[in-house]
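**Student:** Each of the two chains sits in its own frame; use the hints to bring them together as a complex.
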Amino acid sequence: MSEKETKVKFTWLKGRGPESDIAISSRARLARNLEKLPFPQWAKDEELEEAKNLIKKALFKEPKLREFSFIPLEKLSEWNKKVLVEEHLISPQFQAKAKGYALALGKEKKISIMINEEDHLRIQSLLPGLQLFRAWQQADEIDNYLSLHLKLAFSEKWGYLTVCPTNVGTALRVSVMMHLPALFMSKQVSKLFSTLSQVGVTVRGLFGEGTKTLGNLYQISNQITLGCSENEIVKNLNGVARQVIQRERTARKILLKNARTKILDRAQRAIGILSHARIISFEEALELLSMLRLGIDLELVRQVDTTCLNELTILTRPAHLQSLRRKDLSPEEQDIARADLIREKLNF
Amino acid sequence: MLCDKCHENFATVYVSQMFNNKLSKLHLCEECTHGFSEDASLDLFFSIPELLASLFDLHVPESPAELLEERKECSNCGTSFSDIRETGKLGCSQCYEVFKESLKPLLKKVHTSLEHKGKVPQVLPDRVKMRLAIRKLQAKLTEYANREEFEQAAKVRDRIRELERKISFKR
Chain Y
39 MSEKETKVKF TWLKGRGPES DIAISSRARL ARNLEKLPFP QWAKDEELEE AKNLIKKALF
99 KEPKLREFSF IPLEKLSEWN KKVLVEEHLI SPQFQAKAKG YALALGKEKK ISIMINEEDH
159 LRIQSLLPGL QLFRAWQQAD EIDNYLSLHL KLAFSEKWGY LTVCPTNVGT ALRVSVMMHL
219 PALFMSKQVS KLFSTLSQVG VTVRGLFGEG TKTLGNLYQI SNQITLGCSE NEIVKNLNGV
279 ARQVIQRERT ARKILLKNAR TKILDRAQRA IGILSHARII SFEEALELLS MLRLGIDLEL
339 VRQVDTTCLN ELTILTRPAH LQSLRRKDLS PEEQDIARAD LIREKLNF
Chain X
6 MLCDKCHENF ATVYVSQMFN NKLSKLHLCE ECTHGFSEDA SLDLFFSIPE LLASLFDLHV
66 PESPAELLEE RKECSNCGTS FSDIRETGKL GCSQCYEVFK ESLKPLLKKV HTSLEHKGKV
126 PQVLPDRVKM RLAIRKLQAK LTEYANREEF EQAAKVRDRI RELERKISFK R
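Residue numbers (my numbering), protein chains in the order written: chain Y, 39 to 386; chain X, 6 to 176.
Isolated chain X, as found in the complex (with noise of 0.2 Å):
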């Protein structure tokens, strides 16, 4: 197999590495294994898609959802998973929903958290709006359930069954 650096010397090294507490494994030739220090930074050396590349070949799908997805192509771009595996690329924005379920233990391992915390576009189409506003309410209903507050925990229950309605018939 060729080396994962240069690409084009065959490897003859086998380097495991732990990256930010997660075990990597690199097949290096020998020219690229004399600049590679086990004291540096393994970013000095790989860029991040082939290391997520790498993430990819570690993970064992578990779930039969996962399974499926490994079969699956976008409709919209026609992307198939092994694409993804082999470049660490999506193809375009529908990827995200059709491979969910193998991308959220990858998004775990490089972000720990599966949920965006930050910034949200100003223009939204409608039912983007209403998602967001029901993971508002379902953190509020969470949080009056808590402190036992069971009026106004239902209140909340209610308007995110009236925002999930909405969303339905938008469909």
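So that you can see chain Y by itself, here it is in the shape it has in the complex (with noise of 0.2 Å):
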């Protein structure tokens, strides 16, 4: 992959959807795997190989699959592997690994298909805003092209087989990227996160699995994937989500009401130091950012381009910034080339 394909701008980031203001995006994953091939975890070089092949010649023989390139993971250098992690493109676990595994890239990086990840196949649909179900159905259909010329592990009674049994079944799942402060700030995130277990949810932090929440970005996404249709578990967490972005609406209106200085006070140091420091953190941007981007939601503050917030919450992570630095460095050079770029970017 050439340095320019990596400056492509993430499309994903860019369009606006429907509720974008509070679903930042939203994502489906279906996970397949080939048959009789040992899963990814104990294959041997060989086996990966094969698998990897497999796909690759499927890709190829599709008409409908062609636009994707392809890209073994040992051709991206470490910055080029740590860039898609931080775009959401691929997972933390893949980019460590090298041999026999690769990736596919669609047009404009909306699609993506990891081989070799923890499934032999995972195909991943990344758009901004609420848009659960077109994400479903365009990772469905190239489910429907790659199996016309794959013979997936399927069994009648548990669906499409998983490396691990919690994915078995339609191997669907769906997340949405939320934006939460209103929530945080009255307290009722907590409160909010075991009512949504009892219906089928989970929440997790920015960066998937196993992580701290930053700058009230919150995903949530669907537990059970055998027993409903993927259609029900679409609707399901699309239920869900519209009916959290009801109650950060309302958290945000309360807040308003009775708190308007408060954040309006927020949003403004949040610009204060935005636009003067010289070294800031990632966790620090962050949550400067969230106060920022809920004060213009709220029209407290000037206009900022909203997309440009989004774009930050990427741009500003360190694999990111080195690359567009194109040198290594430091965690103290990271802090000071990303208070650099905001001040940039943000017009400061």
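Calculated from the structure, these hints are not laboratory results.
No experiment lies behind these values; they were computed from the predicted model shown.
Glycine included, C-beta positions come from ideal geometry on N, C-alpha and C.
Some chain X residues judged to face chain Y by a derived CB distance under 8 Å, without partners named: (1) Asn81; (2) Leu95; (3) Cys97; (4) Ser98; (5) Gln99; (6) Tyr101; (7) Leu112; (8) Val115; (9) Glu120; (10) His121; (11) Lys122; (12) Gln127; (13) Leu129; (14) Arg136; (15) Leu137.
In silico lysine to any residue, SDA-like type, Cα no more than 20 Å apart, as pairs: (16) Y/Lys195 - X/Glu169; (17) Y/Lys74 - X/Asn81; (18) X/Lys114 - Y/Gly238; (19) Y/Lys229 - Y/Gln281; (20) Y/Lys295 - Y/Ser224; (21) Y/Lys195 - X/Glu71; (22) X/Lys122 - X/Gln143; (23) Y/Lys74 - X/Glu78; (24) X/Lys109 - X/Arg90; (25) X/Lys122 - Y/Asp178; (26) Y/Lys383 - Y/Arg316; (27) X/Lys105 - X/Glu71; (28) Y/Lys195 - X/Ser173; (29) X/Lys109 - X/Glu67; (30) Y/Lys95 - X/Gln127; (31) Y/Lys145 - Y/Glu100; (32) Y/Lys74 - X/Val133; (33) Y/Lys229 - Y/Gly277.
**Tutor:** Here's what the structure looks like:
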């Protein structure tokens, strides 16, 4: 993948989607495996190669999939890999591996296919705002084309067979990344999440499994993949997402009524620091961007393009900073580069 | 024993938590305990395979079939049941058949259902297609029987037998 490609604007961030002030992005992921071949975890090198080649052949054979660019991971530099992680195009575990692993990217990077990650195939579709049905349909379409050329592991009892039994069945995981500063500020987040887990929805931090939440960004996704249809799963999460959005909007209205000055103060402090700081950590940057975004959403501060804010949550990450500067940066240098980038992007 | 979360420090705290109405136990070091609030969703801290492995730990094998499977190894990939218990991951598609009795209670805990109701691949081996058809027919059979439409039920039953015969010939 050339450097030019990493600079291609991440379209899923640029586009506006429905409810995009609260629902940042929607993702649908399908896991698939090839029949009989050992799963990637314990597969020998030849077996990984075999799986990869079978899938590569399918991609080339199928006319509808020829637009995908096929990238063996060993061809990517460490930076490029980290950049892809930060763009949510590959998971952190995937980028550490080398042999036998590959990535296929669709046009505009909206669809990615991870080959030999946890499962043989992981088809992922990413769209801005709340667009779960469309994200699922896109991934579903790719799956249909691929299945014409591959023997997939499937059981009539348990559906699509996956490495982890928690994914078996539809092997579909849909998720929405949400910005919930008002719910956090009114201390309703924990309660909300224990409620969500009772309706089959899990909540995670910014980078997926096992991370703290940063910048009031939360990812909600379905827990169950077996025993319901894909449509039901998407419908359920969509309904939950809408309810969470509603609660956040209500919390914002109340905050605006009771604590207008407080929010304005937070937003203005954010502007103050972001426009003047010369050194800023990733955590602090996300926190401040969150307050700034809230201030803008509530029309308390002057308009800054929110797609720019979305971009910044990605561009301020370590690998992206280094990729922009085209060199390794120490943590201290990163913090300086980050502050520079923010001032530049926000025209401060 | 080592902390379940960071795998670096020694665990000094034992935590049991309800996760989606299921009880699970964890051993944590002091550092990781600080980040662990009672209110927070368990998923903020633990990866699914770890959780699954802990669910395996909690389940006591009941049936003789399950106990038998604990000693088995998958002939296709060589994975043993203890491998699966430790990592929460299976070795290949055949493992689902080899360890099916042990997997059933687990799948039930996680998904509360044991039946796939979603999409089916467009290209399937014939025997899978036939088995799927049998399932649909069995549902019809129950329906007819409940409605006391015994003639229809008999027709469906015959159709099922026909398919089952075809499947056994293919073997």
